[in-house]
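Undergrad: Single-letter residue listing:
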Amino acid sequence: MEITTKQYKRCDLVKAVGRIDSNTAPELEKKFNEILDNGSSGVAFDMAEVDFISSRGLWVLLETQKTCKKNKGKLVLVNVSENMQQALDLAGVKHFIDIYDDLTEAIGSF
Amino acid sequence: MEITTKQYKRCDLVKAVGRIDSNTAPELEKKFNEILDNGSSGVAFDMAEVDFISSRGLWVLLETQKTCKKNKGKLVLVNVSENMQQALDLAGVKHFIDIYDDLTEAIGSF
Amino acid sequence: MPSKTFAGRFTSLEKIADFIAQAAQKAGFDSKSAYAIQLAVDEACSNIIEHGYAERENGKICCNYEVLENGLKIVIQDWGKSFNPNEVPKPNFEVALEDLKPRGAGLYFMKEIMDEVNFEFDNKDGNLLTMIKRK
Amino acid sequence: MPSKTFAGRFTSLEKIADFIAQAAQKAGFDSKSAYAIQLAVDEACSNIIEHGYAERENGKICCNYEVLENGLKIVIQDWGKSFNPNEVPKPNFEVALEDLKPRGAGLYFMKEIMDEVNFEFDNKDGNLLTMIKRK
Ligand SMILES: Nc1ncnc2c1ncn2[C@@H]1O[C@H](COP(=O)(O)OP(=O)(O)O)[C@@H](O)[C@H]1O
Ligand SMILES: Nc1ncnc2c1ncn2[C@@H]1O[C@H](COP(=O)(O)OP(=O)(O)O)[C@@H](O)[C@H]1O
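Residue numbers (the numbering used here), protein chains in the order written: chain A, 9 to 118; chain B, 9 to 118; chain C, 5 to 139; chain D, 5 to 139.
Think of the hints as simulated: they come from the structure by calculation, not from any bench.
Treat the hints with caution; some may be incorrect.
What the hints assert, rightly or not - Residues on chain A that point at chain C, a partial pick, calculated with CB under 8 Å:
1. Q73
2. K74
3. T75
4. N79
5. L96
6. A99
7. G100
8. F104
9. D106
10. I107
Unchecked claim - Under 7 Å between C-beta atoms, here's a sample of chain B residues computed to sit facing chain D:
11. P34
12. S62
13. L70
14. E71
15. T75
16. N87
17. N91
18. Q94
19. A99
Note that this is a predicted model, so its numbers are computed, not measured.
C-beta atoms are modelled at their ideal positions from N, C-alpha and C, and glycine is treated no differently.
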């Protein structure tokens, strides 16, 4: 998995490429924690090039959201493909994390 | 000229299609003023489909920026083609208004 | 029955997914179902590595599949710790965010996705997890 | 000399631009220069309509052009008020935003874009503005 980040005025954009499974989820978790430790509490996660996410990956998203909310911010998801959506639906992720179709909408929501 | 608008959390996006000349600039001016009268002071102007702008149009942008700044906000431009850039350069617009290449960057700057 | 053996490590999960993707394709599943099947198998194998082998480095996971007339049967074999799947509670996602417990979705995903999920432990062939997805 | 007459109204500006775009293309200008020429002519005609005819509805603007060996000559004819272009101060863009005066860029743009800009007033053919753009 490759992870890139970009800072906007009110949020950090994180983009991952590849699989988020038990092998790679810790990397993603580390990246989110770095961002949150730096004082940000607004994170947009671009899933356009994520091609797999397991429950281990979903927990990383949900735990990240917990911390963001605690700090009066939020995590949002963007570019969630139909396959990823299936996994997200199994855990009812949409009840906890807003999902945007469009990057500009996601960034513009902060 | 057609004008569409869209609200993001921290700014309004205005998109114009067509020519901004002495004939049409007043419409654009009216739209900007409406937005500013509604209490917004953050405006992104998407010029991707503007195919002409005269000095009359540039003054609308500069006057809009004056009001935005007075209200602690800003106007930014996005998707300025090479032709539009020529006109902007003649009046040194870049000294007064930030120009972004990418809509997400523009929205993310508010 | 096509079969392939993998090292019981998290780095094998991607290779296992590729093997299962082939199986799902041979069985004629569409891309969405094929994805779901990979997810179920990933959860199963993640559990074997994490819990069954407790992340010891020398376990093996053997994946077998059989294309059925109307679906796909997958058998996953390991030689790690056994457990009682009936004692695993269903995760509750209908709680407030702060009350979510970050664990316990794997088995649930497997059961939601597959039409049959059956564990047999400690027989002479190790632990066998048989999952069937029908079309 | 190709020539076309337009009503002296702001709604003519787009049609004038189309006519000038053709001229620039015939003269072999690239798209960027063609755009600049249209801008200069738009500024000239906007001024005629706004100041020369003071937005009266019955003025005419006649646009003529000649493809030169190394460029394009445009002559714009009107029968409105005359003015002294030498008395128009150069606009100052090197000020703070709040000190910018929202007027007085048209003539400056014309001169910046075109290689020659020449006004003749009140001769028997009305006012003539001759502009030349060389390659
Ligand atoms: N292959 C296995 N070997 C041993 N224990 C397992 C195995 N699979 C699951 N378990 C037990 O069942 C529990 C629930 O598993 P699961 O639903 O996948 O959630 P998680 O792995 O996130 O805890 C695990 O915490 C573990 O105690
Ligand atoms: N065709 C014209 N007829 C009469 N007055 C003109 C004409 N063109 C320009 N002017 C005068 O010159 C001034 C400067 O013109 P210009 O540089 O185009 O700026 P603007 O039109 O924005 O004021 C005008 O305000 C007007 O007084």
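Undergrad: Hints first: check each against the structure and report whether it holds.
TA: Verification of the supplied hints:
1. At a threshold of 8 Å, the smallest CB-CB gap from Q73 (chain A) to chain C is about 6 Å, leaving the interface hint in force.
2. Interface hint at K74 (chain A): satisfied, since its Cβ lies 6 Å from the closest Cβ of chain C, which is below the 8 Å cut-off.
3. At its closest, the beta carbon of T75 (chain A) sits 10 Å from a beta carbon of chain C; the interface hint therefore is violated under the 8 Å criterion.
4. Hint status for N79 (chain A): violated, given a least beta-carbon distance of 13 Å to chain C, over 8 Å.
5. With 8 Å as the threshold, the beta carbon of L96 (chain A) stays out of range of chain C, its nearest partner Cβ sitting at about 11 Å, so the hint is violated.
6. About 6 Å separates the beta-carbon of A99 (chain A) from the nearest beta-carbon of chain C, less than 8 Å, and the hint is met.
7. For the restraint placing G100 (chain A) at the interface with chain C, the shortest Cβ-Cβ distance is roughly 4 Å, inside the 8 Å limit, so the hint holds.
8. Using the Cβ-Cβ criterion of 8 Å, the hint placing F104 (chain A) at the interface with chain C is satisfied: the shortest such distance is roughly 5 Å.
9. Contact between D106 (chain A) and chain C, as hinted, is not supported at the beta carbon level, the nearest pair being about 12 Å apart and thus beyond 8 Å.
10. With 8 Å as the threshold, the beta carbon of I107 (chain A) stays out of range of chain C, its nearest partner Cβ sitting at about 15 Å, so the hint is violated.
11. The interface hint given for P34 (chain B) is violated, since its Cβ lies 9 Å from the closest Cβ of chain D, which is over the 7 Å cut-off.
12. The criterion of a C-beta within 7 Å of any C-beta in chain D is met by S62 (chain B), whose closest approach is roughly 5 Å, and the hint holds.
13. Look at L70 (chain B): its Cβ gets to within about 6 Å of chain D, closer than 7 Å, so that hint holds up.
14. Here the hint on E71 (chain B) is kept, as its CB sits about 5 Å from the closest CB of chain D, short of 7 Å.
15. Evaluation of the T75 (chain B) hint against chain D yields a violated restraint, the C-beta minimum of about 11 Å exceeding 7 Å.
16. Evaluation of the N87 (chain B) hint against chain D yields a violated restraint, the C-beta minimum of about 16 Å exceeding 7 Å.
17. The interface hint given for N91 (chain B) is met, as the beta carbon of that residue sits about 4 Å from the closest beta carbon of chain D, less than 7 Å.
18. Taken as an interface hint, Q94 (chain B) checks out: its beta carbon lies about 6 Å from the nearest beta carbon of chain D, inside 7 Å.
19. The interface hint given for A99 (chain B) is met, as the beta carbon of that residue sits about 6 Å from the closest beta carbon of chain D, less than 7 Å.
Hint check: violations occur at hints 3, 4, 5, 9, 10, 11, 15, 16; the rest are consistent with the structure.
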